[in-house]
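A.B. asks: In case you want the letters, here they are:
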Amino acid sequence: MALDITNSFPGKSTSASTNYPYGSARNVTVSGDGTGTPFVADLVNDIFGMQQSFLSAAGITPSGNPDKVGASQYLDALQFLMNVYPLAVSQNTGAALMGTSDGGNVQQNLDALSAGQIGGVIVFTTFTLLDAYAPANASEQRSSFKVTNDTDTSKNGYYHWISGTAYEKDAELANGIVEDGNVDATSGNVVFNYSVSKQSQYVSNFTDVEPYRQSQSNKNKFSPIAPVVILLGQSLNAARGTIAQSVASPNVKMLVAGCHVSSFDFWSANPIKSTNYTNVASTISLTEGGDGQSPCVGIANKILGANIERAYVGSVAVGARTLSTISTDGIKKNVYAFVHRLCELSRSEGYTPKVIFYSAHGEADAFAGTTEQDYFTRGIEYYKMCQLVAMQAMRDADYRAPVILSYPMQNSTTGATDNRTMARAISGVAKNLVNGIDFGSIYQWPMESDRTHPAPTGYVQRGEYVAGIIQKLLVNNFKSTVLEMIDVTLTGANVVAIFNDEVVQDLTMDAGTNLNTGFALDGFEYLDNGSFIAIDSIDYRGSSVLLTLASAPTGTTSQQQLRIASQTTTATLVVGLDNNIGSQVRKNNAGSRSIINNTQQSYDWAKTQTIGLRAI
Amino acid sequence: MKAFEIDSYAQGARFSDESDFFYDSTAKSFKDLSGYSDLGNNNVDVKEGSPVFNNAGVNARRGLFIDGTMYADFFTPNAWNGTIILVVNYSYLAGGTVGDFLYISGDATLGSSNASVVMSHFSGNRIIRAVTAASQVVAPDYSIREDGTTVVYAFSFDQNTRRAYSTTDGITVSQSSEYTANAISGDFLAWGGGVRTRVGNLSGDTTNNAASTKMEAVLFEQHCFTDNILLTDLAKVKLLIDDLKEYYGVS
Chain A
0 MALDITNSFP GKSTSASTNY PYGSARNVTV SGDGTGTPFV ADLVNDIFGM QQSFLSAAGI
60 TPSGNPDKVG ASQYLDALQF LMNVYPLAVS QNTGAALMGT SDGGNVQQNL DALSAGQIGG
120 VIVFTTFTLL DAYAPANASE QRSSFKVTND TDTSKNGYYH WISGTAYEKD AELANGIVED
180 GNVDATSGNV VFNYSVSKQS QYVSNFTDVE PYRQSQSNKN KFSPIAPVVI LLGQSLNAAR
240 GTIAQSVASP NVKMLVAGCH VSSFDFWSAN PIKSTNYTNV ASTISLTEGG DGQSPCVGIA
300 NKILGANIER AYVGSVAVGA RTLSTISTDG IKKNVYAFVH RLCELSRSEG YTPKVIFYSA
360 HGEADAFAGT TEQDYFTRGI EYYKMCQLVA MQAMRDADYR APVILSYPMQ NSTTGATDNR
420 TMARAISGVA KNLVNGIDFG SIYQWPMESD RTHPAPTGYV QRGEYVAGII QKLLVNNFKS
480 TVLEMIDVTL TGANVVAIFN DEVVQDLTMD AGTNLNTGFA LDGFEYLDNG SFIAIDSIDY
540 RGSSVLLTLA SAPTGTTSQQ QLRIASQTTT ATLVVGLDNN IGSQVRKNNA GSRSIINNTQ
600 QSYDWAKTQT IGLRAI
Chain B
0 MKAFEIDSYA QGARFSDESD FFYDSTAKSF KDLSGYSDLG NNNVDVKEGS PVFNNAGVNA
60 RRGLFIDGTM YADFFTPNAW NGTIILVVNY SYLAGGTVGD FLYISGDATL GSSNASVVMS
120 HFSGNRIIRA VTAASQVVAP DYSIREDGTT VVYAFSFDQN TRRAYSTTDG ITVSQSSEYT
180 ANAISGDFLA WGGGVRTRVG NLSGDTTNNA ASTKMEAVLF EQHCFTDNIL LTDLAKVKLL
240 IDDLKEYYGV S
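If you're matching them up, the sequences are chains A and B in order.
Using numbering that gives the first Met the number 0, you'd call the opening residue of the first sequence number 0 and step up by one each time.
Using numbering that gives the first Met the number 0, you'd call the opening residue of the second sequence number 0 and step up by one each time.
Same shape as in the complex, but just chain B (with noise of 0.2 Å):
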């Protein structure tokens, strides 16, 4: 299943420098995969550092390394409504409590004020999650065994029903309990916050960008829709998951 044969495909990226159709070294772009990218405003752009790109995963597939120092970003094609997933790969350099930030959405300076992608560490779990803009509603989060594993982690926020959802086989999809705490206000189930959402701000810091010591992510893909296909379009989601996992070696 290729990511742009379910509805609402709106933005893809391979972060790999594989290919010139998926990384432009000269203007240190990801362009986009899903055939909207015309206008060349629908890339991944890096803004700051300069990619580096290492082998990761039991496949051993090229991705892109983050550590703080580099970050990227785009367009969010789906800010108020949508599905993003995400294939990487990641491992905890420090024990203890960790919570860093692979993608912050939103104008504000820190990753707590804004939508996020928040990869943790505590009590031993390791756990990757989304959070809304307002940071109030939370995509039920996914637990990972051991360090260095790959995982593909669909996400998605829904206006309508007013839920957050993940899944990370296409078949058993959790979602959160209905958020009516701010019923009159859509800000608390969107994903996207400002114009652009960042990749690869590790600290949740906008204005810090030290190399992380407390851990390592290699980002593989991401694949953003403007419906939340975790409940419409579930069968290809699982398809695609599929084909995404027997790629990077994804158990």
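The shape of chain A in the complex, shown without the other chains (with noise of 0.2 Å):
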């Protein structure tokens, strides 16, 4: 309720003004003119209308004083309500407060706010300390209690208050102890310069190799692979004799100095030291020249085709005879040159490198006291150390280099005896090491008249046999197997002989067919305790053979061998093929054509060998 003064003073006051919107009081123009605006009750109630509404308001009983500055019972009226209705506040200066979730007041909840804030963090040197301490008031009630040097490192951390001086742990206290069992939080500061110090310790932790080898190995699969073959060992791989075929694919390329290491500048002052460095600095295109033919151009004849499109030769067989000879010194200096560069080079231009080695063995001999056993352990040792140094340069510390095998065919130098012995050795290393291939005995390509050496398309042929060896096995995974004899057995006169191909007779070779021709047949023969049985004939089955002897054995069952591929040569050379050890028994597949003589059909022949039989 309130006066409206215009309607309330009708001509006593004046009209409605911005000022005054319900009009306001005058005084009279001239006295007793009756215009003033009459101090009435209603004036005056109007006024106290609104002083005794605040006090009711706020429950405030009037003192019976009068109100004065700094005793003003109506202005704490005005201060209660402002505490317990909505203040308005102007949409231009901010939100209005709405009052409090709990009900209370906005003093009480900023007095709460405030005990809260100043609780903090309140710290006890020792465990025993805290235990100790009851908190004064409720905000410390709610404090977080922190204790810093406990002897007992366990104690030291974060708590809260349960009851009385009973706290709980929420934290660890970060304290700078890697090891095992501690549990104590760590920072990551802590953590990083442990691992840097641990990094140091552990130079050669090799448990970080694997990463690194997977990476070295990744590396190595985004460019084309191009495989890097090592002539090894001896003189039936080194050049020699006159030229059949001196170039090959460009793309096929040799060491700077050549593709043999007899053309190298070190070779005339000492053949068994190692190379010099500008002899392997860069690569050229393959050519065989004034130091001989070897079976490198053979080799570059087949290599290239489906994903090979670049392919690297080069040749570190020396003239010497014994394992022991090329397993030391320069020789095997020149195999590290000769794998590192070509393997470099090969990177450089673009190419993984994939390192296949060839050993011919041709004059392999029994030479400074080599046994069987002796052959054999030399063998393994030497070429797992080939193999080690492929790995090593290709770094790819997961690729065994395929070692590719075959046996001597006569040594000029020692008999017959000597030469299954070597063959013998030959094969249990290319069974026993890692990623060994039996390339068998070679008495399908053309020899000399020493029946020892290659006659020059001899070594082409034979590479190019090579090259299709190593293509089956880079570009189709497919490892090829040599030809022989698993399982023999006697029945009466008859031998049955089980090889691990299906084979047919081939006589557009007469290998072995004139020698001891009295007791052979088809490159076999028969033995009873060392004497010669005659075999009448041979009847081909698939992957059996069954041979009919002129007689029964009359030995032990341990006294009785088949041998193919394995006769003795006679004393005077005849020039020829009919001369050398071999045979008229081959895998029944389509062969391959050679390049250099495109009349002749390589295949793969059985092997040089002899077996025990078993009795059934």
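Source of the hints: derived by calculation from the structure; they are not laboratory data.
By construction, the Cβ of each residue, glycine as well, lies at the ideal position given by its N, Cα and C atoms.
Just so you know, not all the hints are guaranteed correct.
Claimed, not checked - Quick list of the computed label-pair ranges, beta carbon to beta carbon: (1) K237/B / G349/A: 23 to 33 Å; (2) F20/B / D151/A: 31 to 41 Å; (3) D151/A / K237/B: 37 to 47 Å; (4) T108/B / A549/A: 51 to 61 Å; (5) T212/B / N269/A: 36 to 46 Å; (6) V255/A / T171/B: 33 to 43 Å; (7) N53/B / S281/A: 41 to 51 Å; (8) E348/A / G147/B: 42 to 52 Å; (9) T171/B / D169/A: 47 to 57 Å; (10) T108/B / N269/A: 13 to 23 Å; (11) T108/B / T598/A: 54 to 64 Å; (12) S281/A / F20/B: 38 to 48 Å.
Stated by the list, open to error - From chain A, some residues computed to sit far from chain B (all C-beta separations above 10 Å): (13) G48; (14) P61; (15) V190; (16) V246; (17) S248; (18) T286; (19) D290; (20) S448; (21) I485; (22) T488; (23) N513; (24) I534.
To be verified - DSS-like cross-link-like pairs, simulated, lysine-lysine; straight-line CA separation at most 30 Å: (25) K430/A / K27/B; (26) K430/A / K30/B; (27) K430/A / K46/B.
Two chains, two frames, a set of hints: combine them into the complex.
C.D. replies: Structure representation (structure tokens):
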């Protein structure tokens, strides 16, 4: 309720204006003219009513004394009312404070908030001190408590109050200890520094090698592969004689000084020294020349194609006959030089090198007291060394370089017994070496009259065949196997030989057939306690062969032997294939056509082998 | 820096029995740590005697005590060209002139005819140096101030530059003069001679396995690379040497 001045005092008040929308009081113009606003009860009560409404709303009883500055009940009432009722705030200056959720007033809640904030963290140096402390007030009860330097480090940390002087741990302090079993919290910096110190301690820590190996291996997968074929060992791989073919594909590279180590600068001075860097500094297109023919061009003839667009070929074969010689000194270092440089150069030319070794053992012999066991042991050590060098040069720890091994034909300085001994040793190496490949005997290609060295075209053909083995391996992941007997049984005069593949009789080549002709047939020879028994006939039945002997053996089972491609050569050399140790038994497959001599088809012929019998 | 983080790392060994990862006591073989050991022939194999392990150096690290009665060998992974980093502690038991062989690589009986790592003492100087297979080219040597000092010694022979190199800090690389006396043979720049390198023959005579009365050595680590990393990767070599020095307490 409130007076409308204009209506309550018509003619005796000022009309409504901006300052007084409901009118305002006025004085008389002339004394007694009756135009002044009258001082009447309504006017005074309008003011008393408002004042007393403040007091009533605030629950204040008038003191009976007039208000004054410093003692105004009306002001108290207003201040109270400002706390209790919504305080209107202009929308231009902020949002309205709508009271508190717990029903308290603003001051009470501000007090509570302040009390919580000043609680903070209360710090003790030892747990004993904390355990003896009771929070002083409600604010401290809600504080966090910290123990910093207790000698029992497990008691250091952050706590909250439960009751009385009881506290419960919330978190550990970061204490900088990194050790097994320690449960204290540790900062990131401490962990970092610790790991750095351990990295220093274990500079060779093997456990990290595996991801390194993987990364090295992965590096190799992003460029096309290029075979790096290294010819090792003895003189069947060494350049020799006249040139039948000099040049092959320009995409087959050799070291700048030549494909064969005998071409290099140092050779004339001392062949067992190691090469100079200038000899292996770069690559050029492969060509064979003044130092004679080797299998290198033959390899180059057939190694390209399918996924192989580039290859590298080099021969470190020397004139030495013994494994002990080729294992040592400069000859060994030349293996390192060839393998490492060809791998580096192939990488620099954008290829992933795949090292393959080929060793002919053309003149392997039993010199220097070499027995079958000794030859085997030295062979395993030497070729494993070569494989190790290959994986290091390729920087691929998972790679096992294939090692292709063939047997000697007829050593010019030793007899057939030694030949057979060496063949067994080399075959054993091929079978026991990881990724060894038994190439077997090599009697299908033309030889010189010494029955030891290939004719110039024979070198090339042999290389072509080796390239075929490498192609199958790298492109088709097919590991070639040599043709060999795996079981032989005897019943009366009937001998059954089981091969590891289907075999056929092939009369296009007469190798071995004029040696011991009275007893042998198709390259087979049968011995009963060291004496030959003639073989009358042979029936080829897939992978088995039935041999009918002229008479039933009389010795014990352990005295029986069947041989193939193992003849003893006659003393007189007669030029031609017929004088070579060999057989007329080969795998029943299409073979491969030679490039240098396209009338000749190469096959997998039965390897030089002697096998004992079992009775059935 | 780990050794295998440097390109061309080919073989490594820690000569300590602290872990089976370092030493196989049954096979008497220090295992290759470079990652090429799956073939089983990249380890350092004890051939004679039984290894004795001592703590040595400022940080008392575990290492192989070499007294001449024990030797091991391994396929030299960098026979033709490359780098070797060694950590070794040694003391002279006698004054005067002493020349002992920590490593011998080659087929000859005597160290003087093979590639070798030689430790010598003369005129009060204590020296470690490496010599090529043909005993022609010597890597710059390093003088140690006093007995019982651990040294990290990196040396290399480079077929391309025809020089030998060495460093003990990965910063200053000393080099030999260019070797031109036998320009057609790489033997004179090669470190490895024979199939394997022999570790631990102090006398220099491979037939003499008597304990040394002249010198004691404790071998801690070896790391072999097929590149001359003192030229191609010196910054990493420094980090590796720094780490080795910190661990073994080399000032």
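A.B. asks: All hints, please: hold or fail.
C.D. replies: Taking the hints in turn, this is what the structure says about them:
no.	hint	result
1	K237/B / G349/A: 23 to 33 Å	31 Å, holds
2	F20/B / D151/A: 31 to 41 Å	36 Å, holds
3	D151/A / K237/B: 37 to 47 Å	44 Å, holds
4	T108/B / A549/A: 51 to 61 Å	59 Å, holds
5	T212/B / N269/A: 36 to 46 Å	39 Å, holds
6	V255/A / T171/B: 33 to 43 Å	34 Å, holds
7	N53/B / S281/A: 41 to 51 Å	49 Å, holds
8	E348/A / G147/B: 42 to 52 Å	51 Å, holds
9	T171/B / D169/A: 47 to 57 Å	55 Å, holds
10	T108/B / N269/A: 13 to 23 Å	20 Å, holds
11	T108/B / T598/A: 54 to 64 Å	56 Å, holds
12	S281/A / F20/B: 38 to 48 Å	41 Å, holds
13	G48	92 Å, holds
14	P61	89 Å, holds
15	V190	19 Å, holds
16	V246	27 Å, holds
17	S248	29 Å, holds
18	T286	22 Å, holds
19	D290	16 Å, holds
20	S448	35 Å, holds
21	I485	28 Å, holds
22	T488	38 Å, holds
23	N513	43 Å, holds
24	I534	44 Å, holds
25	K430/A / K27/B	28 Å, holds
26	K430/A / K30/B	26 Å, holds
27	K430/A / K46/B	27 Å, holds
Checked against the numbered hints above, the structure violates none of them.
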